[in-house]
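Novice: Sequence:
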Amino acid sequence: MKLLQLKIDGFGKFNNQVFNIESQNQLIFGENEAGKSTIYQFIRTILFGFPKKREMIRDFTPINGAVYGGKVILEDSLHGKVTVERYKERNKGQASVLLENGQIGNDLLLEKILSPLTKETFDQIFSFQQEQLTELNQLNEVKLQHLLLTVGLTGSERLTKMNDNFLKERQKLFKPSGRIPEINQRLRQLKKLEQQIELVESQEATYQVKQKRMLELTESIAEVEKEKNYQFELEKTILEQQKRFPMYVEWESLTKETNGESEASTQKIEAVQKALNNHRFLLDKEKELLENQSGQLDVESPAYQFYLENQSIFDDLLEDQLAVESMTERRQLLEEQLKEYRQSKETLYQKYRLSEDKINIELTPDVEEEMVSLAKEEEELVREKVVLSNEKSRLLIRRKDMDTALTTAENQLMVVPSDEAEPVKKKGLDPLSKKLFSGLSIAVALLISSLAIVLDQTWIYVPVIILILLGLYGFVSVKKNSPVKEEEVAVSKEDYLLQLTASDEVEHLLHELEAQLTEIESKLETLQVRKQEWADQYGFSMKETMTLWLSRIPIYTQLQDIQEKEVEMKQNLAEADKVLTSYAELLAFSKQWISIENKSTKEIYQEMKKFVDEQQKYLKDKALSSSNEQNFQRQLHSIRKQVTKCVEEALSLIDSATVTTIEEAAIWLKKQDLSKQSQNRIDELELSLGDYFDLTKHYKLVEINHHLISVKNKEDECTEKINGYQNEFQELKYELSQMEKNGSLDMLYQERENKLTIIKELSDQWISYKIAEELTQDVFQYLSDQQLPALLATVTTYFKILTEGNYFKVFVKNGQLFVRDKEQKVWPIIQLSTGAKDQLYTAFRLAFVHLHTEDYEAPVIIDDGWLHFDAKRKLTLFKLLDGFSQQTQVICLSSDQAVRSYFETHDLGIVTIGRDV
Numbered sequence: 002m003k004l005l006q007l008k009i010d011g012f013g014k015f016n017n018q019v020f021n022i023e024s025q026n027q028l029i030f031g032e033n034e035a036g037k038s039t040i041y042q043f044i045r046t047i048l049f050g051f052p053k054k055r056e057m058i059r060d061f062t063p064i065n066g067a068v069y070g071g072k073v074i075l076e077d078s079l080h081g082k083v084t085v086e087r088y089k090e091r092n093k094g095q096a097s098v099l100l101e102n103g104q105i106g107n108d109l110l111l112e113k114i115l116s117p118l119t120k121e122t123f124d125q126i127f128s129f130q131q132e133q134l135t136e137l138n139q140l141n142e143v144k145l146q147h148l149l150l151t152v153g154l155t156g157s158e159r160l161t162k163m164n165d166n167f168l169k170e171r172q173k174l175f176k177p178s179g180r181i182p183e184i185n186q187r188l189r190q191l192k193k194l195e196q197q198i199e200l201v202e203s204q205e206a207t208y209q210v211k212q213k214r215m216l217e218l219t220e221s222i223a224e225v226e227k228e229k230n231y232q233f234e235l236e237k238t239i240l241e242q243q244k245r246f247p248m249y250v251e252w253e254s255l256t257k258e259t260n261g262e263s264e265a266s267t268q269k270i271e272a273v274q275k276a277l278n279n280h281r282f283l284l285d286k287e288k289e290l291l292e293n294q295s296g297q298l299d300v301e302s303p304a305y306q307f308y309l310e311n312q313s314i315f316d317d318l319l320e321d322q323l324a325v326e327s328m329t330e331r332r333q334l335l336e337e338q339l340k341e342y343r344q345s346k347e348t349l350y351q352k353y354r355l356s357e358d359k360i361n362i363e364l365t366p367d368v369e370e371e372m373v374s375l376a377k378e379e380e381e382l383v384r385e386k387v388v389l390s391n392e393k394s395r396l397l398i399r400r401k402d403m404d405t406a407l408t409t410a411e412n413q414l415m416v417v418p419s420d421e422a423e424p425v426k427k428k429g430l431d432p433l434s435k436k437l438f439s440g441l442s443i444a445v446a447l448l449i450s451s452l453a454i455v456l457d458q459t460w461i462y463v464p465v466i467i468l469i470l471l472g473l474y475g476f477v478s479v480k481k482n483s484p485v486k487e488e489e490v491a492v493s494k495e496d497y498l499l500q501l502t503a504s505d506e507v508e509h510l511l512h513e514l515e516a517q518l519t520e521i522e523s524k525l526e527t528l529q530v531r532k533q534e535w536a537d538q539y540g541f542s543m544k545e546t547m548t549l550w551l552s553r554i555p556i557y558t559q560l561q562d563i564q565e566k567e568v569e570m571k572q573n574l575a576e577a578d579k580v581l582t583s584y585a586e587l588l589a590f591s592k593q594w595i596s597i598e599n600k601s602t603k604e605i606y607q608e609m610k611k612f613v614d615e616q617q618k619y620l621k622d623k624a625l626s627s628s629n630e631q632n633f634q635r636q637l638h639s640i641r642k643q644v645t646k647c648v649e650e651a652l653s654l655i656d657s658a659t660v661t662t663i664e665e666a667a668i669w670l671k672k673q674d675l676s677k678q679s680q681n682r683i684d685e686l687e688l689s690l691g692d693y694f695d696l697t698k699h700y701k702l703v704e705i706n707h708h709l710i711s712v713k714n715k716e717d718e719c720t721e722k723i724n725g726y727q728n729e730f731q732e733l734k735y736e737l738s739q740m741e742k743n744g745s746l747d748m749l750y751q752e753r754e755n756k757l758t759i760i761k762e763l764s765d766q767w768i769s770y771k772i773a774e775e776l777t778q779d780v781f782q783y784l785s786d787q788q789l790p791a792l793l794a795t796v797t798t799y800f801k802i803l804t805e806g807n808y809f810k811v812f813v814k815n816g817q818l819f820v821r822d823k824e825q826k827v828w829p830i831i832q833l834s835t836g837a838k839d840q841l842y843t844a845f846r847l848a849f850v851h852l853h854t855e856d857y858e859a860p861v862i863i864d865d866g867w868l869h870f871d872a873k874r875k876l877t878l879f880k881l882l883d884g885f886s887q888q889t890q891v892i893c894l895s896s897d898q899a900v901r902s903y904f905e906t907h908d909l910g911i912v913t914i915g916r917d918v
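Those letters in the sequence shown? Residues 2 to 918, per the working numbering, in order.
In case anyone wonders, no lab produced these hints; they're calculated from the structure.
Just to be clear, a hint being listed does not mean it is correct.
Stated by the list, open to error - Dumping the calculated SDA-like pairs for lysine to any residue here, alpha-carbon to alpha-carbon at most 20 Å:
hint, residue 1, residue 2
1, Lys257, Glu687
2, Lys229, Thr548
3, Lys269, Glu650
4, Lys8, Tyr41
5, Lys386, Lys269
6, Lys722, Lys269
7, Lys82, Asn102
8, Lys82, Glu23
9, Lys603, Thr329
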């Protein structure tokens, strides 16, 4: 196979570029970062496919967004000119192949053309990269044999198929981390059965207890549901109280204005009105009499003169005094209500951490209904995610513990000697000799102790103790060095298989949990899109759940109502202030005689009343003191007697302890006029409020809000209790159903024995396939041993050429590589210079390619494989590659000017890449 042309549509930094490879020995030249390694990866990708996600290689997705892929045109000895194109976004990244005869194919045809060349063989044998040079230090006999097997130089295709078949059959029965193999399934079933047996054994006695507990839970749920329903109805009542609180305030205000007095009859009101009219008429008559008399007097008071000049105005203003007092009381009530609204608002703001710019939310019924539905879904998904995450954390901890246990078991199995291995002989006595020596020592100690007792010599006990200790030490050492029994080893292997199965089960569970969590995350992301729309539209926080949003909607509505009422109260206050100010301005003309500065309108009118009373008293006193006429005295006395009679008549008709003066009687009459209208409104309000308010009590909005919060908290507590009871009930129900399904222990024990028998039979089959696979591996080893000398001979030839005779032999000794120089000195690879190591590595790679030329027609690609070569070594290498390229195409990727000079001098093909091209 020979590469002819590279057409890169989009790969890394390259876009719509074509590179023609015209020479059998081709140089692709470019400075660092020009894209030489990118071209190598492009060739590798087009021939063998885009890398999988798990492969840790650089991402070559086009920078400018071009289509990811391109074409490679090559020449094959059998199929002629072949065009291979591959694009990431087309046909799932599969190749499209066009032959010279017009035949079209895909990856299967490309595999057939390249066969037996694979991606692994291409990487290990036909590509030279700078980072691979470090592999030379690890290159030994085992590594060389592995490479020989990898490239298929053994020629034993039949053995390969046999080995693969044995491996497949063995893996059909068991895999350490598999789920489908039969032994894996049987072990999982056995594990579940063991758990079932353990569960039945531990829970068989608790069936009745669990049933009793389920009945208790049912009763508890019913009680809590009843309490929750009560709190729910109470919440609706409190919400209605919040909604109707302005009506309650109005009712309370009207009730205070009427002072709770009952409405008088029409006849009574008309009689009082008649008495007051007579009283007013007599006062006017008295006033007229006094004025006539005062006209004959010399009035000396300027204040009285001012009063006389404005008497009609003062009379009109006195008529407005009751309205001023009523408006002043109403204003005070409005101020109290406004203060209460502000306190309620501040309480809600502080409790829920809100601000005025975040409460102006008005949801349509459709949006609210959709939000309720999605809130439930979100809550369920979040709850399920938490449960699955906790379960995942538990399984991860369990997997870590199981990995540790598996590692320990593997280490223990590795140290068990095989049957064929010869035991290591240790110096010293064998176990039998040790036992005989120990027994003899103890026997001699007993004889000497008997002699000590007879002779009654204490010092003789010293050697007795020494001999006994020696005997005991011998027995202990024999016990410690006793061989491992085959039964114990067999048990360890069986336990190891069970541990592997348990680990596989955990991996399977983790995989399922990951899938479930991924599905939940996907659903949550879908919800987040709609949630973000609402957050942008209504100003909600994305950090909060939709359930929390909905729980605050009534709070927002309540705050909106409070704000509306607050605005309304402010407007009413402003209107009241405007009216009172207008009343006060009517008295501005009298500020010389009446003190009106820094006083309320009510106080100003009280001062005016006091001023008028003083002037009238002044008039009466002056008239009486100056009059000597009996006719005047008689008329005045008669009028005043009639006035007194009118007052007594009006007060007796009213018959109220709170009404003691004629002025209060006038006020009572005006209130009666107003109470007719107010009482009708009070009756209407009581009909609307009676079902929600106890009108014998006093309510405040702050207290209602606190009560609502308390009720909501109780509802949440009830919900948590119900959820807890229901979860416990479902767990008990599941446990009872499992108990009922598990059956009797005798049946479970028999089922366990049957499963163990089947697992033993399958394990014997698995061991048979394992032994057969090891035998084929031994045959492979033999064949590779036969071909290793040929490889080393070829390596020696190339290494001798590259070093110009300084080294003339490469050989293997004790599994390690060595070289011999021209002075017959032997050097391990690690002691060679960096340049010599690179030369030896190049010799090995060329030797592999040389031995494999007949089987593979692949080009050799070298990426700066001469980094540590001096000019002389480079020249030698280039001469060798020039000759090597007569049979195999050689493509060099380099930024070395010396390489470029050599190719230019020898008129070899050069493709230059970089900015200046």
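Novice: Each of the hints needs a verdict: does it hold here or not?
Specialist: Against the structure, the hints come out as follows:
no.	hint	in the structure
1	Lys257 <-> Glu687	holds, 14 Å
2	Lys229 <-> Thr548	holds, 18 Å
3	Lys269 <-> Glu650	holds, 11 Å
4	Lys8 <-> Tyr41	holds, 13 Å
5	Lys386 <-> Lys269	violated, 79 Å
6	Lys722 <-> Lys269	violated, 65 Å
7	Lys82 <-> Asn102	holds, 9 Å
8	Lys82 <-> Glu23	holds, 14 Å
9	Lys603 <-> Thr329	holds, 7 Å
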